[in-house]
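Here the protein sequences come in this chain order: G and H.
Just so we're aligned: the first sequence equals residues 28 to 246 in this note's numbering.
Just so we're aligned: the second sequence equals residues 28 to 246 in this note's numbering.
Since the hints were derived computationally from the structure, they do not count as laboratory data.
The structure presented is a predicted model; accordingly, all values stated were derived computationally and were not measured.
Yeah, the Cβ is synthetic: ideal placement off N, Cα and C, and Gly gets one too.
Treat each hint with caution, since some may be false.
The calculated lysine to any residue pairs, modelled on SDA-like cross-linking and capped at a C-alpha distance of 25 Å, are [what the hints assert, rightly or not]:
#1 Lys225(H) with Glu245(G)
#2 Lys193(G) with Ile246(H)
#3 Lys47(H) with Lys229(G)
#4 Lys30(G) with Arg148(G)
#5 Lys225(H) with Thr200(G)
#6 Lys229(H) with Asn220(G)
#7 Lys30(G) with Asp89(G)
#8 Lys30(H) with Glu142(H)
#9 Lys124(G) with Glu55(G)
#10 Lys219(H) with Thr230(H)
#11 Lys47(G) with Lys207(H)
#12 Lys71(G) with Asp136(H)
#13 Lys229(G) with Lys219(H)
#14 Lys193(H) with Lys47(G)
#15 Lys225(G) with Asp89(G)
#16 Lys47(H) with Lys193(G)
#17 Lys124(G) with Asn201(G)
#18 Lys193(H) with Arg240(G)
#19 Lys225(H) with Phe209(H)
#20 Lys47(G) with Ala114(G)
#21 Lys47(H) with Arg137(G)
#22 Lys193(G) with Arg148(G)
#23 Lys47(H) with Glu142(G)
#24 Lys71(H) with Ala114(H)
#25 Lys193(H) with Arg137(G)
#26 Lys47(G) with His54(H)
#27 Lys193(G) with Ile92(G)
#28 Lys229(G) with Gln115(H)
#29 Lys193(H) with Ile92(G)
#30 Lys229(H) with Glu216(G)
#31 Lys71(G) with Glu101(G)
#32 Lys207(H) with Thr231(H)
#33 Lys219(H) with Lys124(G)
Residues of chain G placed beyond 10 Å of chain H at every Cβ, according to the derived structure [to be verified]:
#34 Asp38
#35 Glu44
#36 Pro76
#37 Glu188
#38 Ser217
#39 Lys219
#40 Thr230
Number of protein chains: 2
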Amino acid sequence: MNKIEVILVDDHRIMCEGLKSMLSDSHEITVMGCVRNLSELLIKLRILPIHVILLSCYEPGDHDIEMIRIIQREHPQIKILILAMTAQESFILRTLKAGAKGFLSKDADRNELIESILTIRNGYDYYSKSISEIILKRYLNQPGNNNAQRNQPAGVLSDREMEVLKLYAESYTNQEIADKLFVSIRTVESHKNNIMRKINLKTTVDMVKFAIRNNLIEI
Amino acid sequence: MNKIEVILVDDHRIMCEGLKSMLSDSHEITVMGCVRNLSELLIKLRILPIHVILLSCYEPGDHDIEMIRIIQREHPQIKILILAMTAQESFILRTLKAGAKGFLSKDADRNELIESILTIRNGYDYYSKSISEIILKRYLNQPGNNNAQRNQPAGVLSDREMEVLKLYAESYTNQEIADKLFVSIRTVESHKNNIMRKINLKTTVDMVKFAIRNNLIEI
DNA sequence: CCGAAATTCAGTGTTTTACGCAAGGATGAT
DNA sequence: ATCATCCTTGCGTAAAACACTGAATTTCGG
């Protein structure tokens with residue numbers, strides 16, 4: 028059987044070299060290259076026969092999600108394995124939705140790294156232990172989403188409420204938000220009240236922290 | 028000559044293993060262990076003859092600075108080399124003040140890693156290229172610190188201001204902070220004004236985000 | 001079509017913040 | 001002794017936020 032051809036994506040060269048070094052004496056895996064960003068990756072993907080992409084994610088944010096989407100669209104046959112430095116629930120779920128096939132936590136060791144690559148190469152999904160729990164909790168505990176749940180963190184907010192929330196987190200005042208959205212300040216206040224009631228928050232600062240925790244804004 | 032005995036400090040096991048793997052075939056360096064936090068480190072330092080500590084810093088915050096201070100105090104002969112994922116100026120300067128002897132950027136490669144360990148082992152300081160520039164700009168451009176500088180990012184806040192800042196970031200109102208600190212609300216307002224003037228912020232939300240970025244509070 | 005939710009807006013009054021101005025006492029370094 | 005900084009407090013006005021109640025319009029699934 029041919030070796031699995033892997034490419035590493037990590038903005039930190041030192042991390043890339045470390046991973047490469049870790050995989051270098053594996054019989055099943057060949058590291059075909061290390062790249063630092065999406066554009067370098069896309070170039071390599073056009074000329075190299077890659078099976079698996081190992082993508083390091085440091086900050087939970089839209090950036091990596093977008094990258095996954097693009098890779099999936101251009102190269103749907105390539106499996107994407109996430110090496111995540113965060114275990115943030117919302118981020119994990121978003122990478123899965125975007126098309127990642129596996130998830131490694133920062134606490135993985137060499138064995139788990141190799142095992143996960145083999146697993147997703149064979150068409151199965153792979154999740155680190157700690158992460159499996161989170162996914163289970165999320166997807167099994169809450170059977171349907173047909174009724175309004177009042178206690179789950181995000182998702183319950185409407186589009187408009189999400190929009191308003193982001194603006195608050197970006198330091199806009201009520202009036203500024205109203206002007207930006209071409210609505211009355213009353214509307215904005217109303218949205219704010221609804222947001223805080225839904226997520227069960229008390230202050231604007233709590234709201235900002237909620238937005239940050241859930242990657243609604245850049246920090 | 029004996030090999031240089033190095034210990035790795037990184038919360039991400041996968042990173043530890045990668046670094047270890049990178050250093051494993053060096054003739055000059057022996058990796059004596061990987062630890063994930065300060066308490067594990069202190070235990071190891073009592074039983075192992077360590078020359079150099081390679082400390083990974085992901086988020087610029089007080090946490091790592093404090094760690095450096097403690098290590099320096101307990102083991103002043105050991106050289107601390109920072110592997111920083113951030114190039115944030117204020118953070119770099121703070122690690123130096125705390126006692127770090129060298130600085131590697133995330134863009135370092137294996138050669139630079141080894142070279143930097145050898146350098147600080149020999150008693151010299153080592154700074155990555157990109158970081159040298161920053162330090163140069165900072166220390167050569169501004170000859171002394173005998174006059175009041177109004178533009179440096181952090182570190183300029185007094186203890187009390189830091190305390191107030193944290194309380195704001197924890198959602199307390201002016202009045203609540205005043206009660207908590209047994210001072211007048213005017214005092215609190217005054218502190219807030221000074222904080223925002225010093226760091227050049229406009230709103231409370233900005234202040235909260237600053238606190239989060241600098242790890243002053245849990246999020 | 002109906003009903004629930006989302007989105008919009010208003011009144012009224014209270015509370016909290018924002019912001020500029022001024023200043024006294026303590027501490028510490030030069 | 002002097003100067004800077006820190007911590008403290010005060011006042012007043014304008015702006016913003018908050019609390020509470022009520023309601024019209026749109027949207028969208030069943």
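Evaluation of the provided hints:
{"no.": "1", "hint": "Lys225(H) with Glu245(G)", "in the structure": "holds, 23 Å"}
{"no.": "2", "hint": "Lys193(G) with Ile246(H)", "in the structure": "holds, 17 Å"}
{"no.": "3", "hint": "Lys47(H) with Lys229(G)", "in the structure": "violated, 47 Å"}
{"no.": "4", "hint": "Lys30(G) with Arg148(G)", "in the structure": "holds, 11 Å"}
{"no.": "5", "hint": "Lys225(H) with Thr200(G)", "in the structure": "holds, 22 Å"}
{"no.": "6", "hint": "Lys229(H) with Asn220(G)", "in the structure": "holds, 24 Å"}
{"no.": "7", "hint": "Lys30(G) with Asp89(G)", "in the structure": "violated, 33 Å"}
{"no.": "8", "hint": "Lys30(H) with Glu142(H)", "in the structure": "holds, 14 Å"}
{"no.": "9", "hint": "Lys124(G) with Glu55(G)", "in the structure": "violated, 28 Å"}
{"no.": "10", "hint": "Lys219(H) with Thr230(H)", "in the structure": "holds, 10 Å"}
{"no.": "11", "hint": "Lys47(G) with Lys207(H)", "in the structure": "violated, 53 Å"}
{"no.": "12", "hint": "Lys71(G) with Asp136(H)", "in the structure": "holds, 20 Å"}
{"no.": "13", "hint": "Lys229(G) with Lys219(H)", "in the structure": "holds, 21 Å"}
{"no.": "14", "hint": "Lys193(H) with Lys47(G)", "in the structure": "violated, 41 Å"}
{"no.": "15", "hint": "Lys225(G) with Asp89(G)", "in the structure": "holds, 24 Å"}
{"no.": "16", "hint": "Lys47(H) with Lys193(G)", "in the structure": "violated, 42 Å"}
{"no.": "17", "hint": "Lys124(G) with Asn201(G)", "in the structure": "violated, 34 Å"}
{"no.": "18", "hint": "Lys193(H) with Arg240(G)", "in the structure": "holds, 17 Å"}
{"no.": "19", "hint": "Lys225(H) with Phe209(H)", "in the structure": "holds, 24 Å"}
{"no.": "20", "hint": "Lys47(G) with Ala114(G)", "in the structure": "holds, 23 Å"}
{"no.": "21", "hint": "Lys47(H) with Arg137(G)", "in the structure": "holds, 11 Å"}
{"no.": "22", "hint": "Lys193(G) with Arg148(G)", "in the structure": "violated, 39 Å"}
{"no.": "23", "hint": "Lys47(H) with Glu142(G)", "in the structure": "holds, 20 Å"}
{"no.": "24", "hint": "Lys71(H) with Ala114(H)", "in the structure": "violated, 29 Å"}
{"no.": "25", "hint": "Lys193(H) with Arg137(G)", "in the structure": "violated, 39 Å"}
{"no.": "26", "hint": "Lys47(G) with His54(H)", "in the structure": "holds, 20 Å"}
{"no.": "27", "hint": "Lys193(G) with Ile92(G)", "in the structure": "holds, 18 Å"}
{"no.": "28", "hint": "Lys229(G) with Gln115(H)", "in the structure": "violated, 33 Å"}
{"no.": "29", "hint": "Lys193(H) with Ile92(G)", "in the structure": "violated, 32 Å"}
{"no.": "30", "hint": "Lys229(H) with Glu216(G)", "in the structure": "holds, 21 Å"}
{"no.": "31", "hint": "Lys71(G) with Glu101(G)", "in the structure": "holds, 13 Å"}
{"no.": "32", "hint": "Lys207(H) with Thr231(H)", "in the structure": "holds, 19 Å"}
{"no.": "33", "hint": "Lys219(H) with Lys124(G)", "in the structure": "violated, 42 Å"}
{"no.": "34", "hint": "Asp38", "in the structure": "violated, 7 Å"}
{"no.": "35", "hint": "Glu44", "in the structure": "violated, 5 Å"}
{"no.": "36", "hint": "Pro76", "in the structure": "holds, 25 Å"}
{"no.": "37", "hint": "Glu188", "in the structure": "holds, 17 Å"}
{"no.": "38", "hint": "Ser217", "in the structure": "holds, 20 Å"}
{"no.": "39", "hint": "Lys219", "in the structure": "holds, 13 Å"}
{"no.": "40", "hint": "Thr230", "in the structure": "violated, 5 Å"}
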